[in-house]
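In this text, residue positions in the sequence shown follow UniProt numbering: the first is 1, and each later residue adds one.
It should be emphasised that the hints constitute simulated quantities derived from the structure, not laboratory data.
Please note that the accuracy of each hint is not assured.
[Claimed, not checked] Simulated restraints, written as ranges between beta carbons of each label pair:
hint, residue 1, residue 2, range
1, A86, D151, 29 to 39 Å
2, S65, A45, 26 to 36 Å
3, E25, L54, 20 to 30 Å
4, A61, H131, 42 to 52 Å
5, H27, S65, 39 to 49 Å
6, E25, K164, 56 to 66 Å
7, S20, R71, 31 to 41 Å
8, R64, R16, 18 to 28 Å
9, Q40, P155, 26 to 36 Å
10, A45, K164, 44 to 54 Å
[To be verified] Computed cross-link-like contacts, SDA-like style, restricted to lysine to any residue with a CA-CA straight-line distance of at most 20 Å:
hint, residue 1, residue 2
11, K82, E96
12, K82, I57
13, K99, K82
A virtual CB, placed ideally from N, CA and C, is assigned to each residue, including glycine.
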Amino acid sequence: MPKQRPEPLDDGMAERPSKSQLKREMHALQALGETLIAMQPAERARFPLSDDMLRAIDETARIRSHEGRRRHMQYVGKLIRKEDLAAIQAVFDNIEQEKQQRDHAFHRLEKWRDRLIDEGDPAAEQWLNEHPDTDLQTLRQLIRNARRERDQDKPPTSARKLFKFLRNTAEL
């Protein structure tokens, strides 16, 4: 009588992720660890990280050998599994949103700078309506110098100074 194979037990094997999927997830967690390690300590302080995780991140700076760093990154990936990933992602989303707002504000200032150089006094009056604490004499001088540079095809040194002046006046 031929040997019959036993029926596979349905113990949830179909629901378990594959080994490749587990590896992809582990590499993603290690990449998250690399991102956290690359951040400045002040930025990293915004994240809800455990003491073990913070120690592991600090210890990374001491490791010089390639293989030692690779193994340490595996350890960091293991520690990240225990962290609150939803809270960490929320902080990343918040940082990204702040960056977009800052970029949008800088684009607005660049448009103001270009408008001030192109239009002159009418645009300066509108700027003063929005920002009454602006030093009008300095603003007009920077506009005049930026126009002169543009007309003479010189590097935009005064345009940069005008942008910095607008940024400081708008307090960005």
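Evaluation of the provided hints:
no. : hint                   : result
1   : A86 - D151: 29 to 39 Å : 56 Å, violated
2   : S65 - A45: 26 to 36 Å  : 28 Å, holds
3   : E25 - L54: 20 to 30 Å  : 23 Å, holds
4   : A61 - H131: 42 to 52 Å : 44 Å, holds
5   : H27 - S65: 39 to 49 Å  : 21 Å, violated
6   : E25 - K164: 56 to 66 Å : 45 Å, violated
7   : S20 - R71: 31 to 41 Å  : 21 Å, violated
8   : R64 - R16: 18 to 28 Å  : 39 Å, violated
9   : Q40 - P155: 26 to 36 Å : 32 Å, holds
10  : A45 - K164: 44 to 54 Å : 29 Å, violated
11  : K82 - E96              : 24 Å, violated
12  : K82 - I57              : 15 Å, holds
13  : K99 - K82              : 28 Å, violated
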